[in-house]
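Under this note's numbering, think of the first position of the sequence shown as 3, with each following residue one higher.
Be aware that a few hints might be false.
[Stated by the list, open to error] Cut-off 27 Å, straight-line C-alpha distance, at most; resulting in silico cross-link-like pairs (DSSO-like, lysine-lysine):
#: 1; residue 1: 26; residue 2: 8
#: 2; residue 1: 210; residue 2: 26
#: 3; residue 1: 8; residue 2: 169
#: 4; residue 1: 210; residue 2: 173
#: 5; residue 1: 27; residue 2: 169
#: 6; residue 1: 27; residue 2: 7
#: 7; residue 1: 7; residue 2: 173
#: 8; residue 1: 214; residue 2: 224
#: 9; residue 1: 8; residue 2: 210
#: 10; residue 1: 56; residue 2: 69
#: 11; residue 1: 172; residue 2: 215
[Stated by the list, open to error] Derived CB-CB ranges, DEER-like:
#: 12; residue 1: 207; residue 2: 85; range: 54 to 64 Å
#: 13; residue 1: 59; residue 2: 208; range: 26 to 36 Å
#: 14; residue 1: 208; residue 2: 133; range: 38 to 48 Å
#: 15; residue 1: 62; residue 2: 84; range: 16 to 26 Å
#: 16; residue 1: 11; residue 2: 209; range: 36 to 46 Å
#: 17; residue 1: 59; residue 2: 224; range: 16 to 26 Å
#: 18; residue 1: 146; residue 2: 39; range: 32 to 42 Å
#: 19; residue 1: 240; residue 2: 181; range: 32 to 42 Å
#: 20; residue 1: 11; residue 2: 100; range: 39 to 49 Å
#: 21; residue 1: 71; residue 2: 227; range: 14 to 24 Å
Think of the hints as simulated: they come from the structure by calculation, not from any bench. Since the structure is predicted, the reported quantities are computational estimates derived from the model, not experimental observations. Just so it is clear, CB atoms sit at the ideal spot from N, CA and C, and this is done for glycine as well.
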Amino acid sequence: MAELKKLLGSLPTGLRTPLISEYKKLTQNYMEHRWEPAELSGGKICEIVYSIIKGHIDGNYPSSPSKPRNMVAACRQLENENSLPRSFQILIPRMLPALYEIRNNRGVGHVGSEIDANNVDATLMLTMVNWIMAELVRVLHTGSLEDAQLAVDALAQRNTPLVWDSKGFKKVLSPTMNLKDQILLLASSTDESVTIQELMEWTESTNKTYYKKILSALHKEKLIHFDESEQKVTLLPAGSNQVASIVEYHAKT
């Protein structure tokens, strides 16, 4: 599976890198129930996405994102650009002001509320940003559509605070997590298939026969795809959902 940064290779580094970085922060903070930092990243993503669409119109992307003086007015102006793909002309320009409104004007009304609206707002923001990211990849990607969708799906799960990564060597930081959950978490921490050998090294396991039994069980549960001939493991959508639950549980403990 291609990496998101490669699929968005048509964008300059000054736009692509902060876009992916803020998206990682948004998903990580959301999984940690840190609503306000998540919403801060959502606001920055609005500015980056606006800069991308404006550069797409101009035929010359800026080297770095910038904030329009009036986000609402600037987005309305984009709707006059008939040469744009429909999502760039109408849908995203109408979503960005809503996201910006959540970022700027919703938090002040939550203090003392009986319902934690920050949770609801952050959930809405993450859902909308996920859609925008997928649409950016769909319109701008340089690889296959399948790779594009897999890359976006993987990015939402792979950056978790429970995985330590040092030059490609990974380790789960929870000393009590069972092996099945460790495998799922480690498989989610990369946007490519991972080899059995890598997983065994990262979990400090030596019994390959026993390890394959666990992988086969996860395969039967439709949490991973275990390609025994290639000796590789790929996380499936149900596995991504399970990872979100694992991260949420450990964020509370």
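- Are residue 59 and residue 208 spaced within 26 to 36 Å by their CB atoms? violated, 57 Å
- Falls inside 54 to 64 Å, the C-beta gap from residue 207 to residue 85? holds, 55 Å
- Item | residue 210 paired with residue 173 [C-alpha distance capped at 27 Å] | holds, 18 Å
- Query: Is residue 27 within 27 Å of residue 7, Cα to Cα?
  - Reply: Roughly 16 Å between the alpha carbons, so the hint for residue 27 and residue 7 holds.
- Does residue 7 pair with residue 173 here, judged by a C-alpha cut-off of 27 Å? The hint holds at about 24 Å.
- Task: Would you check the hint for residue 8 and residue 210, treating anything up to 27 Å between C-alpha atoms as holding?
- Result: violated, 34 Å
- Item | Pairwise hint evaluation, residue 8 against residue 26, where the allowed Cα distance is 27 Å at most | Holds. Residue 26 to residue 8 sits at ~16 Å (cutoff 27 Å).
- Message: The hint says 16 to 26 Å between residue 59 and residue 224; measuring C-beta to C-beta, is that right?
- Response: Check failed, 43 Å falls outside 16 to 26 Å.
- Kindly confirm whether 39 to 49 Å is satisfied by the beta carbon distance between residue 11 and residue 100. violated, 29 Å
- Message: Against the range 32 to 42 Å, how does the distance between the Cβ atoms of residue 240 and residue 181 compare: consistent or not?
- Response: Given range 32 to 42 Å: violated, Cβ gap about 18 Å.
- Query: So does residue 71 sit 14 to 24 Å from residue 227, Cβ to Cβ?
  - Reply: violated, 49 Å
- Is the hinted pair residue 214 and residue 224 satisfied, with a Cα-Cα distance of at most 27 Å? holds, 15 Å
Hint check: violations occur at hints 2, 9, 13, 17, 19, 20, 21; the rest are consistent with the structure.
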